[in-house]
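Turn these sequences into a full structure, and let the hints steer you where they fit.
Protein chains in written order, with the numbering used here: chain Z, 2 to 423; chain X, 203 to 653; chain A, 153 to 490.
FYI, nobody ran anything at the bench for these hints, they're computed from the structure. One thing to keep in mind: the hints can contain errors.
Cross-link-like lysine-lysine pairs, in silico, DSS-like; alpha carbons within 25 Å at most [to be verified]:
(1) Z:277 to A:373
(2) Z:319 to X:647
(3) X:394 to X:480
(4) A:373 to A:291
(5) X:647 to X:355
(6) A:283 to Z:277
(7) X:355 to X:574
Partner residues are not named here, just some residues of chain Z that face chain A (Cβ under 8 Å, in silico) [stated by the list, open to error]:
(8) 53
(9) 56
(10) 58
(11) 59
(12) 60
(13) 62
(14) 70
(15) 158
(16) 182
(17) 367
(18) 372
(19) 384
(20) 385
(21) 391
Every beta carbon over 10 Å from chain A, so not counted as near; a handful from chain X, in silico [as the list claims (entries may be wrong)]:
(22) 225
(23) 339
(24) 396
(25) 401
(26) 403
(27) 515
(28) 547
(29) 604
(30) 608
(31) 611
For each residue, glycine too, the CB sits at the ideal point set by N, CA and C.
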Amino acid sequence: MTTLTDPPKEHFRLSMLLYDTRYRSATIQVIALIGFMLLAAWIISNTIQNLETLGRTVGFGFFSEPSSYDINQRLLEYDSRDTHLRAAFIGLLNTLVVAVLGCITATIIGVMVGVLRLSNNWLIARIMTVYVEMFRNVPVLLWIVFAMAILIESLPAPRAFRGENPEATMDLFGTVAVTNRGVYIPEFLFSRGLGDIHLFGTSSLRFDVSLDLIAFLIVFGGSIFAMRKVSAWASATQEKTGDRPTIWYIQLGLLFVPSAILLGALGFHLGYPELKGFNFTGGTHLRNSLIALWLALSLYTAAFIAEIVRAGILAISKGQTEAASALGLRPGRTMRLVILPQALRVIIPPMISNYLNLTKNSSLAIAVGYMDITGTLGGITMNQTGRELECVLLLMLVYLTISLSISAVMNWYNNRVKLVER
Amino acid sequence: MSDVSFVRTEMLPEKAPPASEVGVLGWIRHNLFSSWLNAILTIISLIFIYYVLSNILAWTFESVWNANSLSECREIMMATWGDTHGHACWGVIKDRWLQLLYGFYPPYPVDPDATWSNPPEAGGWPAYFRPNLTFILLLVSIAPVLFTNVPRKLLFVTAAYPFLLPWLMWGGSIWGPLMVAAGFAIGYLAYKFVLPVAGSLTAMILAAALPILWWLFASGSVADAINSVIPIGIAPVESRDFGGFMLAILLGVVAIGVSLPIGIVLALGRQSDLMIVKYLCVGFIEFIRGVPLITLLFVASLLLNLFLPPGTNFDIILRVMIMMTLFSAAYMAEVIRGGLAALPRGQYEGADSLGLNYWQAQRLIIMPQALKISIPGIVSTFIGIFKDTTLVSIIGLFDVIGLTNGIRADTAWNGVYWELFAFIGVLFFVVCFSMSRYSMYLERKLQTGHR
Amino acid sequence: MKKSVLLGVATIAGLAAGVAAAGTADDVKARGKLNCGVATGVPGFASPDANGEWQGFDVAVCRAVAAAVLDDPSAVEFIPTTGKTRFTALASGEIDMLARNTTWTFSRDVDLKFEFVGINYYDGQGFMVPKALGVSSAKELDGATVCIQTGTTTELNLADFFRINNMSYEPVPIETNAEAQQQYLAGACDVYTTDASGLAATRATFENAGDHVILPEIISKEPLGPLVRHGDHEWGDVVRWTLNALIAAEELGVTSANIDEMAAGTDNPEVNRLLGSEGTLGEMLGLDATWAQRAIKVGGNYGEIFAKNIGEETPIGLARGLNAQWTDGGLMYAPPFR
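Here it is in structure tokens:
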């Protein structure tokens, strides 16, 4: 902006709104605001008029109607007599599940691939390049569909496990069943469990919290806390006497013994999946749709993350590595103490947008029939009730909230690791 | 005993390095088997590559091309190899590749009844002349932007392209696009003639207002009037006939092309000191970036008609184009903001010190540089948008993926799966990969060109 | 800036599109094209062929209406719609009629404000299972994994059926028939459920169709038919009576082969009224006298359309069943042309 010379003292004239830089910005802003409000008003009035012509009303009353459809993959109990709101809630949790799982695996795969692309093994580096280019340059929708098709076509159906000489057998000593309907893994059961706390009574948002889990977390947290105390004591002793007491067996004992005692007291055992009737029963069932979506989203996003990680590592000048070895640091510590902290600064901001993209791409779940929020609220509920306006707007609001929360959290983290410059 | 010690007086000739260090062997040793870990990794990778390639290649090449239905394919497979699995049935691609590329776009728009296999008797343009020409012109028009060693005169094609594209694709009278173009000329003339008379501000307002008035109220009727006197036009094609891979390209190009100016305005707005303008821009950008594209497409297919005046009704492809444009504008704004942020502060200060006002500084100093830096980002946004166009299949448009549903609903091809998706995957890969290579080349070039 | 452009575009488009408040029949005539919503692909009912020509049972209804109103069976724009977009497309006026095997239900008729003008196919939801499963009744499906197509009434019927019979099941929701078929064949679900017509059509294209059986239970009523917007009765009448003309033509023995001969006049006054050689039925509809002739000529009468698209001679291979004429023990019963 150009700076002003000494403003002349004169009376306010209307033309000054346009010609005087002091007022012009205000004029432009007021015009912009009015324009925006007019646009908003125009859209709202159109909508009202259109809805009237169609004889529709806007309202969220349909949320308390029974949904009448079933959802297979769910974290909380739900059946077809529950409300549409409950269905949307179940869907929201499913979205969060796949987003969180996807972000974790995408990061792991992405970092591995990014490092391997710089490997001095020519073949490995080329394979990783091919992987990255293949995934980055084909639409994620195709990958999701592919992943689902590969799972369905290549894994055995449950009926292959049946009979005297089954074509397929369960893995890991008969505890895990990998089928084309999903993976059945053992579930945690407590024969003398403490029961659940029921939150939110019978409302649509009700959910149960397992007291066993809480007890376990408390004990385990206590163990960790005690371990740190012991470690601090060992360090203090070392400072004082020069000898570090041997503590690893104490640490190990602290880590496992209290939890083991608690689990024993609660009667902990694993529930194994078993082939009964049409399907495996017992155990935890990870549906194919979840696995396919999870796999495709992680592999797709990991290809982008790999590039970011590679660029981040390459961005650190060679002098840093040399300086670190001059100080006598070994390669592992060089990576951990010198390279990564600096690379992280370059890596984190684009990483945030990739996590956001993964979360948003999880809305493609409908392609494989995973019942996320788009599949419930924006899918079957919208279809059955015909409330497009309410459902779509609410859907956008939900995603907006998720996105803004993720970027808020990640930005906070970014600000923490960011080097303070000058 | 003689006291003779051996002293070499001349250098030994250099020996050839050991065979294990040079040539193919040396290369293999260094790059594949430099350590035990690497050796194991290499062997695992080789086994993996063999496994993947042996399956895929057998499927791809031991395949059936000449079949008119899946059951025919299976019969041929049974007769040739004795089983029906592990062989591709490319007959479906042979039968439907034109549809996958062009959707339902008529091959000969002048003769609506003619088809690819049944061309009009004589004369006329080659099949799919219009989309093909549009695509070639697209390449010609972006060449001067993307490559420096292309004749600058081609920029005229670039300037004309925004009017050529709709005319060639949708057809109809040429006067419509010409009258829209005339709007810009009116704006320019208004600015030029009013400037000396009434000052720059009035000139700018007029330059903005006159074209808008012209487009809103006059251009349509003038175009009709001229057309009734001098009818020049080509057969119109409805946008709902657009489909296939062509639709993906068209949606991508339109979204990126239209969103570029919007993105610039939004990016400037976001950088601006004007608080309300800034918050409006930030709100818009963050809103669009915070929701998945699929919800915006739901808006296009379900709600946009509700938001517009009663009776307004334009078809789904236009509505999708609008939403895709808004979507890409938000991303474009961020890319350009990155370009603006990458400019050294001195450029702004230099512009100020020359006494340029805000718009002059933007036009002459800031934007040319910022846009140049942003081109790689714009290309990758384009790749993203282009891949995202596949989502329109979810709202029922017949892009390539949508067409697979239609094709598989034909009883002849019911049950075909991998062939179609492999074809689509390869199409997308070829286009996106070449664009991303270009963007990388450009990045390397710009690294030396800047600062 | 951006907003004004959008506004401008919207306004231009608004002006260009004009006001659709006049009767739909007049709109269609003025436009010279019928906009007909169809499915994105259902074997036998609607699918585009290699030339982009739409084929199928629902498509034939659209063509008949176009022939009756516009005298040109090819003056139809087929607009593919999904389960989600179909009602909005109709309500917003993007399409003039929807012929997308849509079930006539109370809430669609009353709450969503549509008018079902008739039924062109009586369907019902059924189950298909592999023979190897050894299941002979849907009541034995407790605990089964069931593939369903989303966006239809199917999932609601299914939930109700299993609930009423106190059985548990595992739904696998799938977007398209093609994907459902793939999952079912790979054994990712034990049962595939959709409308019985769809089951038969899907089964017909299997490599080993004999390995799969369709269970005898039909768990729902699925009257499928074309629909139009509420309130525009003239247009509703046109579509309704075009459909009825096709059905009545079969009952009266009018076929595409003998229609020219019969149009000249017959001894049967109802045939004469239908084909316009007697009475003013066409005029009452706002059409000309030969409207029904043209509609029937396109693909023949209801029976011929059925036989050509989904009948036993086609790969789909559906029997007439409930869709036979009432005189043959079916439910097809056109009101008299009088």
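Taking the hints in turn, this is what the structure says about them:
| no. | hint | verdict |
| --- | --- | --- |
| 1 | Z:277 to A:373 | violated (33 Å) |
| 2 | Z:319 to X:647 | holds (22 Å) |
| 3 | X:394 to X:480 | violated (30 Å) |
| 4 | A:373 to A:291 | holds (18 Å) |
| 5 | X:647 to X:355 | holds (23 Å) |
| 6 | A:283 to Z:277 | holds (19 Å) |
| 7 | X:355 to X:574 | holds (19 Å) |
| 8 | 53 | violated (12 Å) |
| 9 | 56 | holds (5 Å) |
| 10 | 58 | violated (11 Å) |
| 11 | 59 | violated (14 Å) |
| 12 | 60 | violated (13 Å) |
| 13 | 62 | violated (12 Å) |
| 14 | 70 | holds (5 Å) |
| 15 | 158 | holds (3 Å) |
| 16 | 182 | holds (5 Å) |
| 17 | 367 | holds (6 Å) |
| 18 | 372 | holds (7 Å) |
| 19 | 384 | holds (5 Å) |
| 20 | 385 | holds (7 Å) |
| 21 | 391 | violated (13 Å) |
| 22 | 225 | holds (50 Å) |
| 23 | 339 | holds (23 Å) |
| 24 | 396 | holds (20 Å) |
| 25 | 401 | holds (21 Å) |
| 26 | 403 | holds (16 Å) |
| 27 | 515 | violated (5 Å) |
| 28 | 547 | holds (27 Å) |
| 29 | 604 | violated (6 Å) |
| 30 | 608 | violated (4 Å) |
| 31 | 611 | violated (3 Å) |
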